[in-house]
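*Asks:* Listed here are the chains, written in short residue letters.
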Amino acid sequence: MSAATATLTGAPAKAAGSEGRIGLRANMRHIGALARRNMLQIKQDPESMFDVLLMPVIFTLLFVYVFGGAVSGKGHQHDYVDYVVPGLMAMMGMNISMAVGTGINDDFQKGVMDRFRTMPIARSSVLIAKILVEVGRMVIAIGILLGMGFALGMNIGTDVPHLLMAIVLSLFFGASLMWIFILLGLTMKTAQAVQGVAMLVLMPLQFGSSIFAKPTTMPGWLESFTKFNPLSNLADASRALINGGAVAHSVWMVVAWSVGITVVTAPLAVARFRKRT
Amino acid sequence: MVDMTTRLTEDGGTTAVEVRGLVKHYGPTKALDGVDLDVRRGTVLGVLGPNGAGKTTLVRVLSTLVQPDAGTARVAGFDVLKQPRQLRRVIGLTGQYASVDEKLSGRENLYMIGRLLDLPAKAARARADELLERFSLTEAAKRPAMQYSGGMRRRLDLAASMIGHPAVLYLDEPTTGLDPRTRNEVWEEVQRMVADGATVLLTTQYMEEAEQLAHELTIIDRGRIIAGGKVAELKAKVGGRTLLIRPSRSSAAPAMVAAIAEAGLDGVAGARADDSGLVSVPILSDDQLTAVVGMLGGRGFGIAHIETHLPSLDEVFLAVTGEKASAPQDAQDAQDPGSSGHAADGAAGTDQKVEVSV
Ligand SMILES: Nc1ncnc2c1ncn2[C@@H]1O[C@H](COP(=O)(O)OP(=O)(O)OP(=O)(O)O)[C@@H](O)[C@H]1O
Ligand SMILES: [Mg+2]
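Chains as they are written, first to last, in my numbering: chain F, 95 to 371; chain C, 12 to 369.
Calculated from the structure, these hints are not laboratory results. These numbers come from a predicted model, not from an experiment. Misleading hints may appear alongside valid ones.
[To be verified] In silico DSBU-like cross-links for lysine-lysine, where the CA-CA straight-line distance does not exceed 30 Å:
#, chain 1, residue 1, chain 2, residue 2
1, F, K308, F, K204
2, F, K369, C, K93
3, C, K133, C, K153
4, C, K241, C, K41
5, F, K321, F, K204
6, C, K133, F, K137
7, C, K93, F, K283
8, F, K369, F, K308
9, C, K93, F, K204
10, C, K41, F, K283
11, C, K153, F, K369
12, C, K41, C, K93
13, C, K133, F, K204
14, F, K204, C, K241
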């Protein structure tokens with residue numbers, strides 16, 4: 095069949111299977127080209143990096159100096175740094191993934207998506223490229239966060255490989271969350287609506303977690319909630335990996351959550367992308 | 012495996028686009044209401060029609076952006092619903108609204124598309140530069156597309172749709188908003204692609220564009236094809252050209268009109284003069300034109316200026332839709348939506364309509 099199409103233009107037959115499927119290598123190239131697009135967009139609009147550059151700075155300062163004293167006692171903010179920075183790592187991932195939802199929604203108001211959707215590329219590649227670049231943004235945010243943490247006196251109770259594991263785990267979880275927000279972004283009509291719904295989900299998840307305070311200080315029902323809150327799991331895992339302590343349970347919980355979320359929402363998001371007109 | 016691309020039609024060509032009974036409704040709006048058309052390989056089909064006729068919807072269905080409610084459409088033998096992936100390999104689209112990435116420069120836009128079409132990096136750059144040059148965008152190549160003027164964006168969009176040498180190209184009002192020079196450039200590029208064997212489906216509001224580019228025309232209104240055929244046929248049906256004559260003395264205009272009516276030239280009728288003293292005569296052939304001018308010269312009329320005027324889209328359109336608008340119910344009755352035949356079948360009974368089939 096590809097031979098027949100080739101005769102139509104006289105152009106050489108493109109590397110396509112008989113069903114027009116996109117090969118893995120071609121797919122990687124497409125993702126590369128689309129990721130390049132996303133990076134060039136950032137270059138053109140550097141302000142879009144403000145969240146990544148400033149959020150970690152402001153959050154660490156705010157939480158350490160505003161809550162640090164209250165939680166760990168006046169003058170003992172350093173103890174709180176060790177506690178809150180791994181938690182903030184989890185939160186950072188969540189906030190950046192949320193931005194992906196609004197970004198995708200915005201992107202879809204533009205005509206360039208129509209062009210992508212008439213091209214012989216896998217529909218998922220547009221989304222995967224976006225996720226890759228956003229994970230890159232997360233890496234920068236986490237780097238700045240850790241820099242701030244160290245500047246405020248954070249200690250690593252374990253070692254560098256464990257720290258790296260904590261970072262990878264945060265990225266992994268953050269990437270899985272992006273599929274949820276992409277799905278939201280593709281479903282809702284406007285970027286504002288996406289933002290609204292995302293905030294509604296986000297606030298209870300963030301504050302009803304072990305990110306900022308120990309769940310043992312919370313009422314029983316809330317403490318139970320935090321146990322199943324994946325953000326708690328991630329904060330606990332990061333804390334254990336960075337400060338030391340029992341790692342296995344929370345790490346596996348996070349991996350299970352990430353895989354579960356991705357398996358359920360990624361196909362839905364791609365299907366949604368396909369249908370959207 | 013029998014491939015539609017090699018299916019022979021009567022006159023030995025092959026059908027690149029084959030549409031049968033295509034229907035797309037948006038709620039109560041019948042954007043496409045049973046459209047049939049064929050575009051022969053290597054030809055340009057011009058699709059004309061008023062705003063909201065369904066032109067863009069047709070193009071979007073044929074480029075897999077919109078799924079039809081009923082009917083079939085095949086492009087280069089590939090079914091829009093069953094084989095969208097293969098179909099996307101052979102098409103290029105310039106939509107009515109620019110589909111370039113605003114934040115990327117012109118060159119980066121084209122490079123990205125080249126890469127997405129599996130061109131090697133070097134070839135993608137070369138192709139991008141080549142097309143930028145052809146569409147006079149070289150100077151603006153490095154600026155982000157959001158700083159482009161409307162016409163520049165349009166050209167970039169056209170360039171983008173041509174990168175992969177598509178076998179079938181859809182152009183949805185490609186030259187709307189372009190200045191005459193760049194309009195000519197676009198026409199040249201389209202003609203070049205057709206010379207290379209591409210098939211083009213072009214929607215337009217400009218009769219001149221249809222005339223320059225299209226081998227055949229289809230007029231669509233309210234989701235239905237109401238007329239179609241070769242450009243010349245269609246124009247002949249609509250009344251051909253108009254001969255405009257400005258007498259040396261404008262006061263001579265009424266006398267000129269009277270003389271033309273009196274002369275009883277074969278098939279010449281309906282001459283009239285406007286307030287400014289410009290005489291217009293509907294003309295169906297070169298012979299009639301020669302006869303009218305010869306007769307006026309013979310009778311000693313002074314002629315200051317003479318030109319022929321082609322029917323505008325308005326004129327063509329009004330002529331073809333005239334009686335349809337006055338009797339919409341007839342058109343409805345004449346058409347069986349379930350029929351697998353041509354949409355124009357419903358109009359075949361009236362002599363104003365031209366059969367669309369090839
Ligand atoms: N996404 C949509 N939702 C609802 N109605 C739509 C949609 N797209 C098109 N329509 C309707 O379908 C009809 C055909 O629209 P279409 O865009 O195909 O017309 P067109 O011939 O391209 O017009 P124009 O010359 O103005 O570009 C119109 O009545 C339009 O309002
Ligand atoms: Mg349109």
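*Asks:* Hints first: check each against the structure and report whether it holds.
*Replies:* Cross-check of the supplied hints:
1. With a C-alpha separation of about 45 Å, the suggested pairing of F/K308 with F/K204 is violated against the 30 Å cut-off.
2. In summary, the hint linking F/K369 to C/K93 is supported, as the alpha carbons are separated by about 15 Å, within the 30 Å threshold.
3. The straight-line distance between the Cα atoms of C/K133 and C/K153 is roughly 17 Å, inside the 30 Å bound, and the hint therefore holds.
4. Of the pairs offered as hints, the one joining C/K241 and C/K41 holds, with about 27 Å between alpha carbons and a cut-off of 30 Å not exceeded.
5. With a CA separation close to 41 Å, the supplied pair F/K321 and F/K204 exceeds the 30 Å bound.
6. Restraint check for C/K133 and F/K137: the C-alpha separation of about 23 Å stays at or below 30 Å, so the hint holds.
7. For the given pair, C/K93 sits about 29 Å from F/K283 by alpha-carbon distance, which is consistent with the 30 Å threshold.
8. Restraint check: the Cα-Cα separation between F/K369 and F/K308 comes to about 44 Å, which exceeds 30 Å; the hinted pair is violated.
9. A hinted pair counts as satisfied when its Cα atoms are at most 30 Å apart, and C/K93 with F/K204 qualifies at roughly 27 Å.
10. Under the criterion of a C-alpha separation no larger than 30 Å, the hint pairing C/K41 with F/K283 is consistent with the structure, at around 24 Å.
11. About 34 Å separates the Cα atoms of C/K153 and F/K369, which puts this hinted pair outside 30 Å; it is violated.
12. For the given pair, C/K41 sits about 23 Å from C/K93 by alpha-carbon distance, which is consistent with the 30 Å threshold.
13. Restraint check: the Cα-Cα separation between C/K133 and F/K204 comes to about 28 Å, which is no more than 30 Å; the hinted pair holds.
14. For a cut-off of 30 Å, the pair hint linking F/K204 to C/K241 is broken: about 37 Å separates their Cα positions.
The structure does not agree with the numbered hints 1, 5, 8, 11, 14 stated previously, though it agrees with the rest.
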